[in-house]
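Visitor: In order, the protein sequence lines correspond to chains A and B.
Per this note's numbering, the first sequence runs over residues 1 to 249.
Per this note's numbering, the second sequence runs over residues 1 to 47.
These are computed hints drawn from the structure, not numbers from a lab.
Certain hints may be false.
Said to hold, decoys possible - With a straight-line Cα cutoff of 25 angstroms, these simulated DSS-like cross-link-like pairs (lysine-lysine) come out:
(1) A:LYS215 - B:LYS45
(2) A:LYS246 - B:LYS45
(3) A:LYS10 - A:LYS237
(4) A:LYS19 - B:LYS45
(5) B:LYS45 - A:LYS157
(6) A:LYS215 - B:LYS29
(7) A:LYS237 - B:LYS45
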Amino acid sequence: MNRLYLFFHKTGSPPWFYKYSGYLIPWLWAAFLVLTAIGLYLGLLVAPADYQQGESVRIMYLHVPAAWMSMMIYGLMAIWGFIALVWRIRIMEVLIISSAPIGAAFTIIALVSGSLWGRPTWGTYWVWDARLTSELVLLFLYFGVIALYNSFDEPRKAARAASLLSIVGAINLPIIHFSVLWWNTLHQGSSIGTSGNSIHPSMLWPLLYMAVAFKLYYGANLLSRARLRLLKQDHRKRWVQDLLTKEST
Amino acid sequence: MSHTPFILGSYLIGTVVLLWAALAPVINKRGLLRQLKARQARMEKIQ
């Protein structure tokens with residue numbers, strides 16, 4: 001227990017986090033670019049068209065990983081929000097507010113690509129279907145976290161409010177996931193699950209490559225945003241002053 | 001109905017959104033560092 005506490009204490013230290021995350025970021029970007037290139041090549045050029053949906057199924061390699069990310073990021077924000085509220089670890093607060101714009105970006109991509117996929121498949125860009133509506137609510141939750149955080153002058157208070165909204169908003173995640181089962185929706189159910197896949201490997205692999213690539217993108221972008229926020233919050237502290245002096249010389 | 005505009009549109013919008021989300025912290029950090037360095041130089045002059 002003591003070791004775990006020490007680990008959190010060390011990794012939660014802003015100068016330590018700033019230093020070591022800086023080493024990690026270029027590797028995450030490089031891995032993201034490589035996996036995206038493979039995923040796009042397989043998805044757009046190698047994978048076959050769907051027997052019912054035709055070529056429009058290629059939108060899946062963007063839409064599905066983006067939708068997964070939109071939910072995963074909000075889930076992480078809720079977990080970090082809980083940790084931030086209980087143990088008052090500042091890095092967790094920084095991670096929550098740094099995650100929100102990235103989560104919003106993935107939600108926008110999921111909604112827009114889904115809409116563009118819906119037109120040739122369903123014959124409409126939008127319906128007030130349970131899955132689509134709950135995903136739109138998720139976008140508003142991301143905007144809500146960002147707006148709530150920015151409405152406070154004091155960052156610690158702002159983070160506590162944002163943490164609380166992240167935790168409360170997490171109720172929407174099971175609603176999004178189970179919406180296709182609980183209600184009659186136009187949106188199809190899951191093709192990939194713990195009980196098995198109903199998707200051919202030629203389509204599954206590009207999807208998995210893109211899903212991992214988006215996770216790497218999130219990691220790199222999150223660390224960049226968290227470092228920026230730490231610099232902003234700690235600009236009067238000794239470690240930032242030392243960093244600036246080091247960079248100037 | 002050709003599906004190409006829908007596919008290209010999706011990937012184009014996806015690329016723009018991801019690029020914006022990736023570049024925003026880089027641009028903001030440059031501005032912040034410039035500002036902090038200028039302030040540090042001013043403080044050193046005063047001292």
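Visitor: Run every hint past the structure and note whether it holds.
Guide: Structure-based check of all given hints:
At roughly 46 angstroms between alpha-carbon atoms, LYS215 (chain A) and LYS45 (chain B) are farther apart than 25 angstroms, so this suggested pair is violated. About 18 angstroms separates the Cα atoms of LYS246 (chain A) and LYS45 (chain B), which keeps this hinted pair within 25 angstroms; it holds. Taking the CA atoms of LYS10 (chain A) and LYS237 (chain A), the gap is near 18 angstroms; set against the 25 angstroms cutoff, the hint holds. At roughly 29 angstroms between alpha-carbon atoms, LYS19 (chain A) and LYS45 (chain B) are farther apart than 25 angstroms, so this suggested pair is violated.
Between LYS45 (chain B) and LYS157 (chain A), the direct Cα distance comes to roughly 35 angstroms. Violation of the 25 angstroms bound is thereby established for this hinted pair. With a C-alpha separation of about 23 angstroms, the suggested pair LYS215 (chain A) and LYS29 (chain B) falls inside the 25 angstroms cut-off, and the hint holds. Simply put, LYS237 (chain A) and LYS45 (chain B) have alpha-carbon atoms about 19 angstroms apart, close enough for the 25 angstroms limit, and the pair holds.
Violation of the numbered hints given earlier is confined to hints 1, 4 and 5; the remaining hints are satisfied by the structure.
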